[in-house]
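**Q** If you want the building blocks of each chain, they are given just below.
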Amino acid sequence: METLTLLNWGFDILLGLGLITLALWALFCTDLFQAVVLFIAFGLLMALLWVRLDAPDVALAEAAIGAGLTGALIMAALARLQNISRNDHPDSGEKSNSKHGRLNE
Amino acid sequence: MTTLIQAKSPIPNTGDSMNRRTLLLILLLPLLVIFAAGLGYAVLLLPEQPQYLPNLVIENMDQSGVSHPVTAVLLNFRGYDTLLELVVLLLALLAVWSLNIPAARHKAAPNEVLDTLTNLLTPVLILVTAYLLWVGAHAPGGAFQAGSVLAASAVLLLLGGWRISVKLAGLPLRIILMAGPAVFVIIAVVTLLLEGQLLKFPPAQAGQFIVIIETVATVSIGATLAALFLGARPTATSNEVANEIDGEHK
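Residue numbers (our numbering), protein chains in the order written: chain H, 1 to 105; chain C, 106 to 355.
Because the hints were derived from the structure by calculation, they are not lab data.
Predicted model, so just to flag it, every value in this text is computed and none were measured.
Careful, some of the hints might be misleading.
[To be verified] So, partial list: chain H residues that the calculated Cβ filter (under 7 Å) puts toward chain C:
#1 ALA64
#2 ALA72
#3 ILE74
#4 LEU78
[Unchecked claim] Derived Cβ-Cβ restraints for the label pairs, each shown as a range:
#5 H:THR3 with C:LEU299: 24 to 32 Å
#6 H:LEU24 with C:LEU161: 47 to 55 Å
#7 H:ILE13 with C:LEU232: 53 to 61 Å
#8 C:ILE206 with H:ASN8: 44 to 52 Å
#9 H:GLU2 with C:ALA284: 19 to 27 Å
[As the list claims (entries may be wrong)] Looking from chain H toward chain C, a few residues come up when the C-beta cut is under 10 Å (computed):
#10 ALA26
#11 LEU27
#12 LEU73
#13 ARG80
We treat Cβ as the ideally placed atom computed from N, Cα and C, and that holds for glycine.
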């Protein structure tokens, strides 16, 4: 029983720290694509946290809407943004394509 | 403050925007402090010992028509909130549609992996939708979760190049989008006439009312979320464009 409680504590602390890290990372990351992926990861961890808080209803909604659909929506918006910036500045097409390059920094 | 901006303006573009950002952040700080103070004040204003609501819910569960407390609160005791949530979703879609943006042109050709995955997952997702909808009466689940799973299957289909047929893109789609809030409002009016109070279900029929509302709402939520993903309002012309793009790939 003792070890189980300790394990739960450890898991919760890891979950909380992971969430804060992901949130800050998603906020301050310069690459938009990376930020969206981090946001989706944040949503999935958040769903786990809701399960830990004994709120399976909220967890279901968070996983389906918060992580899944919102992620897809933001991704679609990002694709549109890149289309727009490419149409407005034909020269800077190279720049907006270089997102995967920036990922490796 | 304006002199500051003017003084900085001759500096090249990037430095200027950086300075403006810092300036904005500095301006934002007092606003955030005021906001935090307001929130703190609101918390202090809360009644000292509020009535313990979970007990109230559990005491009245036999009148709700369902056996899961969350569903009982969402669709019976606080049904008004859920109705407004449906309206908010619809408003979001209206806002996106009124932007009048062109239909997205998917450059990635539909590939075999995506096609196979869509073929395999769509029936399963629809089944999961039905399960989540039904299980909502006595376990975690319900219209919003089921609707978003339905929308996820629609998003998969949209990614694979599927578009709603021209015949269905006009009035039929709008009827599907409107059905959830409309049925909810109709039932609200019916209960107003029967019981004399908005969304006060008679305990004997509460279960049926909730099932009807949730079923229609699931379809509407799914359609609304999928339409939000599509972004542009599906019309005959945007469909032609989509078909053209599909034609190019084939």
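**Q** Each hint should be assessed against the structure and marked as holding or not.
**A** Going through the hints against the structure:
1. ALA64: holds (4 Å)
2. ALA72: holds (5 Å)
3. ILE74: With a closest approach of 10 Å, the ILE74 of chain H hint is violated.
4. LEU78: violated (12 Å)
5. H:THR3 with C:LEU299: 24 to 32 Å: violated (57 Å)
6. H:LEU24 with C:LEU161: 47 to 55 Å: violated (39 Å)
7. H:ILE13 with C:LEU232: 53 to 61 Å: Because 38 Å falls outside the window, the suggested range is violated.
8. C:ILE206 with H:ASN8: 44 to 52 Å: holds (48 Å)
9. H:GLU2 with C:ALA284: 19 to 27 Å: violated (54 Å)
10. ALA26: Check failed: Cβ of ALA26 of chain H comes no nearer than 19 Å to chain C, outside 10 Å.
11. LEU27: With a minimum Cβ separation of about 13 Å from chain C (threshold 10 Å), the hint on LEU27 of chain H is violated.
12. LEU73: holds (6 Å)
13. ARG80: holds (7 Å)
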